[in-house]
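Colleague: Please construct the entire structure, taking both the sequences and the accompanying hints into account.
Protein sequences appear in the order of chains A and B.
With the working numbering applied, the first sequence corresponds to residues 1 to 421, in that order.
With the working numbering applied, the second sequence corresponds to residues 1 to 421, in that order.
Worth flagging that the hints you see were computed from the coordinates, not collected in a lab.
Hints should not be assumed to be uniformly reliable.
As the list makes no split between identical chains, a pair holds if one copy fits it or if it spans any two.
[Claimed, not checked] In the DSBU-like style, the derived pairs of lysine-lysine whose C-alpha atoms are separated by at most 30 angstroms in a straight line are:
| hint | residue 1 | residue 2 |
| --- | --- | --- |
| 1 | K163 | K264 |
| 2 | K264 | K294 |
| 3 | K312 | K294 |
| 4 | K294 | K93 |
| 5 | K294 | K97 |
| 6 | K93 | K163 |
| 7 | K322 | K264 |
| 8 | K93 | K150 |
Protein chains: 2
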Amino acid sequence: MSEQTEEQRPSPSRRALIGWGGAGLALGAAAAGGVAAAVGTSDRTEPAAESGGAVPFHGRHQAGIATAVQDRLHFAAFDVLTDDRAELVALLKEWTKAAAAMTAGRPVGEGAVGGLAEAPPDDTGEALGLKPSRLTLTVGFGPGLFEDAKGRDRFGLRKHRPKALVDLPKFPGDNLDAARSGGDLCVQACADDPQVAVHAIRNLARIGMGNVAIRWSQLGFGKTSSTTPDAQTPRNMMGFKDGTANIAGTDTAGLDKHVWVSEKDGPDWLVGGSYLVARRIRMHIETWDRASLKEQEDVFGRDKAEGAPQGKQREHDQPNLKAMLPTAHVRLAHPDSNGGIKILRRGYSFTDGTDGLGRLDAGLFFIAYQRDVRDGFVPLQQRLAAHDALNEYIQHVGSALFAIPPGVRDADDWWGRALLS
Amino acid sequence: MSEQTEEQRPSPSRRALIGWGGAGLALGAAAAGGVAAAVGTSDRTEPAAESGGAVPFHGRHQAGIATAVQDRLHFAAFDVLTDDRAELVALLKEWTKAAAAMTAGRPVGEGAVGGLAEAPPDDTGEALGLKPSRLTLTVGFGPGLFEDAKGRDRFGLRKHRPKALVDLPKFPGDNLDAARSGGDLCVQACADDPQVAVHAIRNLARIGMGNVAIRWSQLGFGKTSSTTPDAQTPRNMMGFKDGTANIAGTDTAGLDKHVWVSEKDGPDWLVGGSYLVARRIRMHIETWDRASLKEQEDVFGRDKAEGAPQGKQREHDQPNLKAMLPTAHVRLAHPDSNGGIKILRRGYSFTDGTDGLGRLDAGLFFIAYQRDVRDGFVPLQQRLAAHDALNEYIQHVGSALFAIPPGVRDADDWWGRALLS
Numbered sequence: 001m002s003e004q005t006e007e008q009r010p011s012p013s014r015r016a017l018i019g020w021g022g023a024g025l026a027l028g029a030a031a032a033g034g035v036a037a038a039v040g041t042s043d044r045t046e047p048a049a050e051s052g053g054a055v056p057f058h059g060r061h062q063a064g065i066a067t068a069v070q071d072r073l074h075f076a077a078f079d080v081l082t083d084d085r086a087e088l089v090a091l092l093k094e095w096t097k098a099a100a101a102m103t104a105g106r107p108v109g110e111g112a113v114g115g116l117a118e119a120p121p122d123d124t125g126e127a128l129g130l131k132p133s134r135l136t137l138t139v140g141f142g143p144g145l146f147e148d149a150k151g152r153d154r155f156g157l158r159k160h161r162p163k164a165l166v167d168l169p170k171f172p173g174d175n176l177d178a179a180r181s182g183g184d185l186c187v188q189a190c191a192d193d194p195q196v197a198v199h200a201i202r203n204l205a206r207i208g209m210g211n212v213a214i215r216w217s218q219l220g221f222g223k224t225s226s227t228t229p230d231a232q233t234p235r236n237m238m239g240f241k242d243g244t245a246n247i248a249g250t251d252t253a254g255l256d257k258h259v260w261v262s263e264k265d266g267p268d269w270l271v272g273g274s275y276l277v278a279r280r281i282r283m284h285i286e287t288w289d290r291a292s293l294k295e296q297e298d299v300f301g302r303d304k305a306e307g308a309p310q311g312k313q314r315e316h317d318q319p320n321l322k323a324m325l326p327t328a329h330v331r332l333a334h335p336d337s338n339g340g341i342k343i344l345r346r347g348y349s350f351t352d353g354t355d356g357l358g359r360l361d362a363g364l365f366f367i368a369y370q371r372d373v374r375d376g377f378v379p380l381q382q383r384l385a386a387h388d389a390l391n392e393y394i395q396h397v398g399s400a401l402f403a404i405p406p407g408v409r410d411a412d413d414w415w416g417r418a419l420l421s
Numbered sequence: 001m002s003e004q005t006e007e008q009r010p011s012p013s014r015r016a017l018i019g020w021g022g023a024g025l026a027l028g029a030a031a032a033g034g035v036a037a038a039v040g041t042s043d044r045t046e047p048a049a050e051s052g053g054a055v056p057f058h059g060r061h062q063a064g065i066a067t068a069v070q071d072r073l074h075f076a077a078f079d080v081l082t083d084d085r086a087e088l089v090a091l092l093k094e095w096t097k098a099a100a101a102m103t104a105g106r107p108v109g110e111g112a113v114g115g116l117a118e119a120p121p122d123d124t125g126e127a128l129g130l131k132p133s134r135l136t137l138t139v140g141f142g143p144g145l146f147e148d149a150k151g152r153d154r155f156g157l158r159k160h161r162p163k164a165l166v167d168l169p170k171f172p173g174d175n176l177d178a179a180r181s182g183g184d185l186c187v188q189a190c191a192d193d194p195q196v197a198v199h200a201i202r203n204l205a206r207i208g209m210g211n212v213a214i215r216w217s218q219l220g221f222g223k224t225s226s227t228t229p230d231a232q233t234p235r236n237m238m239g240f241k242d243g244t245a246n247i248a249g250t251d252t253a254g255l256d257k258h259v260w261v262s263e264k265d266g267p268d269w270l271v272g273g274s275y276l277v278a279r280r281i282r283m284h285i286e287t288w289d290r291a292s293l294k295e296q297e298d299v300f301g302r303d304k305a306e307g308a309p310q311g312k313q314r315e316h317d318q319p320n321l322k323a324m325l326p327t328a329h330v331r332l333a334h335p336d337s338n339g340g341i342k343i344l345r346r347g348y349s350f351t352d353g354t355d356g357l358g359r360l361d362a363g364l365f366f367i368a369y370q371r372d373v374r375d376g377f378v379p380l381q382q383r384l385a386a387h388d389a390l391n392e393y394i395q396h397v398g399s400a401l402f403a404i405p406p407g408v409r410d411a412d413d414w415w416g417r418a419l420l421s
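Modeller: Structure below.
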């Protein structure tokens, strides 16, 4: 194990000093953070973390992509308000430091709650006493960072814009709300406890106050570790198992082929990173609930109860695509129908109350990671938007694309260093 | 144990028939439902349920009030669209039957996913394979059921309106949104898995289609069983421990005194029931986060780190109210400052994205149960609204009051039978 820097040393945390029941856990988490930094330059992409434990923050790739999916999501897109490159750099450095602390289960800053009484606390406090809850924070850079809507190159980054960071085409059926789309920066916070994910986004927003503002944000839920049997694929809000044929976080070859940006792809600053597509997909729940079981199963190309491909018995049986309607979702989305395209899906269900017309505002917050959207989400969605029988029951209402920089290697590194220094 | 009715008999559920890993759990839950019915007429108010297990549906009081607080909330208020009393009765009967099934971990209806292929499934399916997750469903009747906004007595219930089902006064500082207030009916769904709570509300809405429409709904989160040490009081979105001095669900005397409507209180149909006040309390998170630690602690009258009353060492130390500012929240809300008023609080934190101005739409969805709001929430909130230092940082933006009928005794009983038959 390498010599520990101050960042990594498991010094007594605030939680320990104030004598909480959870202090032992907090110390354990800090120690785990140290270990993570030590293995940070390895190829390890799937850190093992107990439920409630800490996922290593440092590494070749950012955590939160190949990491086993956590139960809850708080995703935020930010507008950058400042035009000053130095302020952007300072923000990203401060965010990195805060993220290293929070993912290890420590509060932001040195003072935390016990800081100067006459100053605002360094940490807002609502995660004090909670476990790290496998929190991951994953940062992305939107097109606006390289050239804003007015065509200005505020930070001298235009020449570094990756070719694959395209403006997504308008797909048939899109009904995008600008207030739920785009953003100069994004942070994906995933954790097994929603309060931990919300705390993380809120503290990053607070740190950035004046330099960034939240443009939109989305909460989501998936499985619940304590109540969902491990082997089960979660069901979406339409009641169907979804994401059966995903790339596993342990499939190193699959990740290299479909997810991580390689040196051959470039640009250099993005090697080891990826691209994130986010789509807020509203489901017309009430219409769906009036559709017959046969219609629902034909639309997906799956049996509803077991989740098996039509004509098969079990969820993971090899699908016979020709047994499905040509418009069936599974058939159209399958790699065999798309020249082998695979994306890493990491979506969450959402329910955001009602829409003012008595209808649930519910659906799927789709998140996908891939090496190049031009060979990934774009052709796949063009196919789905044109033909998918599911389109009668869904509508894409939000959209964003971000370049995901590689991981933060150690305590001296920071999000975006290769791009901005 | 009494003879089991069909409702209670643990017949092979859909989950068992389709051979899922979770089938054993579903059967266990159905069996537990039978036991619950058998003890339903006892005084048992605090059913013991393992995490993920089933909370008995039948009983003297509705579950979800004295029940140990679950991790997640989906609360929905409904407008009744029909003017036909028979349709209202049919709806409440069907809701009761569906609730008995869902709280036991069974899907709605007989057919569930395996029903007639040409008909919509009886159950929407997204909770298939999930544990009961301690789901409770608690129904309430709003003022509009007894007399609607136009002064009409649609269901012949005006004469049965409880005197305590008042129109809440306008409190200083209220900024109520009509679209997030009121409702003729409410359902509080609590569960340890958000998907289970959302599934329940969605299926009740689906069953009621045409006769009721969701007026507003709210998701919330509290502690997370798998990651929060049991002994800890959860922190609110201001980072403070909240609800330390609540009535415990096991405190039978306290519940009788402060929560359950007695024969002396009346009306007869409500004996064993309660009153539910819901308030959506938005927190001005960004302003709060700029307040000094001293200001924050003075506002609450608590130390932030430990949660101890000011001048004391531990959260549960007896507070010395005079050591706090006269405007401190704990001092003003304490029973000793309010002639002994106690309410049973069951609130959840919420974060509903952002408000269009880059500010988090976050706060507390306050739920309180009490025997009579005229001796409970109303005088307490009048005092708080007039003096509480916290008012600088919060705003009440939604409000509703419901009469909570007693529990459903057995499989022949239904929600509201004593009022409507």
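Colleague: All hints, please: hold or fail.
Modeller: Structure-based check of all given hints:
Taking CA atoms no more than 30 angstroms apart as the test, K163 paired with K264 passes inside one copy only; the shortest distance there is 13 angstroms, against 76 angstroms between copies. For the homomeric pair K264 and K294, neither the shortest alpha-carbon distance inside one copy (47 angstroms) nor that between copies (55 angstroms) is at most 30 angstroms. Proximity of K312 and K294 under a CA criterion of 30 angstroms is satisfied intra-copy only: 15 angstroms inside one chain copy versus 65 angstroms between copies. For the identical chains of this complex, K294 and K93 are inter-copy neighbours only, at 28 angstroms across copies versus 54 angstroms inside a copy, given an alpha-carbon limit of 30 angstroms.
In this assembly of identical chains, the alpha carbons of K294 and K97 lie at most 30 angstroms apart only when taken from different copies (26 angstroms versus 52 angstroms within one copy). When the C-alpha separation of K93 and K163 is checked against a cutoff of 30 angstroms, the pair qualifies only within one copy, where the shortest distance is 26 angstroms, while the shortest distance between copies is 60 angstroms. Taking the shortest Cα distances, K322 and K264 never come within 30 angstroms of each other, neither inside one copy (37 angstroms) nor across copies (70 angstroms). Taking the closest pair of Cα atoms, K93 and K150 come within 30 angstroms of each other only inside a single copy of the chain (27 angstroms); across copies the shortest separation is 59 angstroms, beyond that limit.
Violated hints, listed in ascending order, are 2, 7; each of the other numbered hints is respected by the structure.
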